[in-house]
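Undergrad: Single-letter residue listing:
2 protein chains.
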Amino acid sequence: MSKLATGSLELANRAAELDAEDPLAPYGALFVESEGLVAYLDGNSLGRPLRRTAEEVRRFIDEDWGGRLIRGWDERWLDEPFVLGDRLGAACLGAGPGQTVIADSTTVNLYKLIRAAVELAGGLESSRTEIIADTDNFPTDRYLVEGIAAERGLTIRWIKADPSSGVTPTQAAEAITERTAVVVLSHVAYRSGYLADGPAITELAHRAGALIVWDLCHSAGSVPVALDEWGVDFAAGCTYKYLNGGPGSPAFAYVAERHHEAFRQPVQGWLGRREAFEMASGYGPADGIRRFVSGTPPIFGMLPLRDMLSLVEETGIAAIREKSVKLTEFAIDAHRTLLEPLGVTLASPAEAERRGGHVTLEHPAFRALTQRLWDGGVIPDFRAPQGLRLGLSPLSTSFGEALRGMETVREELSRVI
Amino acid sequence: MSKLATGSLELANRAAELDAEDPLAPYGALFVESEGLVAYLDGNSLGRPLRRTAEEVRRFIDEDWGGRLIRGWDERWLDEPFVLGDRLGAACLGAGPGQTVIADSTTVNLYKLIRAAVELAGGLESSRTEIIADTDNFPTDRYLVEGIAAERGLTIRWIKADPSSGVTPTQAAEAITERTAVVVLSHVAYRSGYLADGPAITELAHRAGALIVWDLCHSAGSVPVALDEWGVDFAAGCTYKYLNGGPGSPAFAYVAERHHEAFRQPVQGWLGRREAFEMASGYGPADGIRRFVSGTPPIFGMLPLRDMLSLVEETGIAAIREKSVKLTEFAIDAHRTLLEPLGVTLASPAEAERRGGHVTLEHPAFRALTQRLWDGGVIPDFRAPQGLRLGLSPLSTSFGEALRGMETVREELSRVI
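First to last, the sequence lines map onto chains A and B. With the first letter of the first sequence counted as 1, position 57 gets the number 57 in full-length UniProt numbering; the numbers rise by one all the way through. With the first letter of the second sequence counted as 1, position 219 gets the number 219 in full-length UniProt numbering; the numbers rise by one all the way through.
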């Protein structure tokens, strides 16, 4: 038996052990089965649907939308973005009530938050003319910052992030100065999975008198966040990754309570106005987090999220994180045994405390390989130029599944190199 | 037999006749039944769900989202906003392909369109410092214009619209000057149902060198619109009224092809960038209508719209408008017989060619009456200060239903006056 095969057998035994002792293992059966699927390794791009959601949607259509019709708005839906926001805040974000809302897309929410943050910071001290961003942040964050800086006459100070890691407190400390208005960073880097030091960088921003906007897309539902405790100003993120809200499900936004009164957002819509249903002349923001809202909330689009949130509340984010760490540790071990010998490199932090819920591996052949893997039912994500990203969603992914996928990556890669 | 009773009998006979000869009558059975419902007269606030949608959602969850998982984006979803946009454009808006997209909310879309329009107009001629709006437009339109004018240093010239009618070409001609950058109006007024003269006002704006943004919320799926033929620049509207997309379903936006190249929107997100999946540095807009997109498209939220659009394509917007006119004519006749004697006044245009798909009646007691009507299963909408708005959605509403509702309004009103 070759060395590689011996390693594979050990990995298989370990995966079986880990699955046997995994308290979250039974949750896997709650998700819709997928024909021909060998391994789903992209739960951080699009979480899987829950079996119960189709029935919940039918109930909603028959009883709520079809049954209550327009009355549904008064009876429940007008509050739903805040009710779900509070639940999400409590379950995943460390956010007390009245600060989180489900609305729009991550991009739109970040636009509104960064615009408001720039004005709040500039309002205090007009010498604050810089936005801090990093070169490896998700495109939306970078493009938004570019657009907002251009339209508000600000400059961007780019932190050059190592694509295999992320923005460190040392880098942040060097970049943030008395000229900084707003710092915009991702808590978990979308490529490397680097987990930024949320409390330390938030404190650095505040010590310099700046405000911070955290993008939580790859954290929410995977890595515990403590927005209130860290003293974060603003945050946003999506719900279709670890929160399984479905393709393009509405995003969330967090505005710390201390900023509510001065918070002004640029997209002044009818439902963010005080006494909205008087439809009177002249915009004036509603109280509290309600002023973040612009248009009519996407109630139908929130339905799958509601089901997943119940699951997260049931298991608790700590248990999810615990399994997540074990999954990524196992994936890195499997990489060392199966893929490193073929020239694959690890592009994610090796230390669990600096790593989110996904692991990225790099090899020049991965771009060509991805479609073959997909065709064969092994579904990781590809991130240019050569990253294979393994998103291991704790509630739906088993250790055995992760190993099956990585064994297939090894087989396919062996064929082409 | 009293005069009123005689009138009621005649109305009942006429409703029965109209229903019997209505070619769209069979479509009513395609909608979900609502327990205890006597008459749904608010199809222009929230259209009713189709029976087939629950099953379509289940199929989507099992086969598309659950079955294809992340592969769904490449296989279909990335194009879905444009495929559905084109279908909506062809079926309802008189828009050729490649100009309409399903995205975000009406508020967000209007924000992006007005911002872009202001820059396009200002780019041509910097003396264009005014936005034209009207005092009776829907709140979102007014508040957005206020916010954008403030942030761009523009002034607003308000057309004082008569709340019982709307903006006439004469009023528009008086307001639009060589200082006008952008004109923002609703095609069908949300309160009165006044149907503005789309082609005439568009031409007035263009003759003065200005651009126009039409809000089509109360037109789409009810009144035929001919955006290409009228030479409209920009338009947006929602899909949860006559397009039955469900509470908070995504909105649509139209950008005329001739503006695509110069069109720059403020919310620069990842999917509006050229070669989005390279995720490279520096935003540059994608070609065509794709540059309107900001964040990840709300695919799950579009599902009910897809089903309703099939129905509209099947019947054709002309047949829908024909029934709509008959419904509103009938409602006005019923008003004259049943409600006018009680002091109710008509707050909608009497002429069909200047009226959209709803009719608004006014009485000081209507605010107090609305909850009682709702409790009794008769569901119109109330619009402050004293308007009862009857939204008669042609595919789901029968003449008999409209009459049942109005008879109940008469009974309830008789009790309190």
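FYI, nobody ran anything at the bench for these hints, they're computed from the structure. This structure is a prediction, so every number in the text was calculated from the model and none was measured. Where hints are given, some of them may not hold.
What the hints assert, rightly or not - Just the calculated beta-carbon pair ranges, DEER-fashion:
1. 350/A <-> 79/B: 36 to 46 Å
2. 83/B <-> 229/A: 31 to 41 Å
3. 37/B <-> 79/A: 17 to 27 Å
4. 258/A <-> 177/B: 39 to 49 Å
5. 79/B <-> 343/A: 50 to 60 Å
6. 33/A <-> 333/B: 33 to 43 Å
7. 37/B <-> 83/A: 23 to 33 Å
8. 203/B <-> 258/A: 48 to 58 Å
9. 135/B <-> 316/A: 29 to 39 Å
10. 313/B <-> 264/A: 37 to 47 Å
Quick reminder that beta carbons are idealized off the backbone N, C-alpha and C, glycines included.
Undergrad: If a hint holds in the structure, say so; if it does not, say that too.
TA: Comparing the hints with the structure gives:
The hinted window of 36 to 46 Å between residue 350/A and residue 79/B holds, with their beta carbons roughly 39 Å apart. Under the hint 31 to 41 Å, the C-beta atoms of residue 83/B and residue 229/A, about 45 Å apart, miss the expected range. For residue 37/B paired with residue 79/A, a C-beta distance near 24 Å keeps the hint of 17 to 27 Å intact. For the pair residue 258/A and residue 177/B, the supplied restraint of 39 to 49 Å holds, since their beta-carbon distance comes to about 45 Å.
Between residue 79/B and residue 343/A the beta carbons are some 36 Å apart, a value that contradicts the proposed interval 50 to 60 Å. Taking 33 to 43 Å as the suggested C-beta distance range, the pair residue 33/A and residue 333/B does not conform, at roughly 57 Å. Checking the proposed 23 to 33 Å range against residue 37/B and residue 83/A shows it holds: the Cβ atoms sit about 26 Å from each other. In this structure, residue 203/B and residue 258/A meet the distance hint of 48 to 58 Å, their C-beta atoms being roughly 51 Å apart.
For the pair residue 135/B and residue 316/A, the beta carbons lie near 52 Å from each other, so the given range of 29 to 39 Å is not met. In this structure the supplied range 37 to 47 Å holds for residue 313/B paired with residue 264/A, their Cβ-Cβ distance being about 43 Å.
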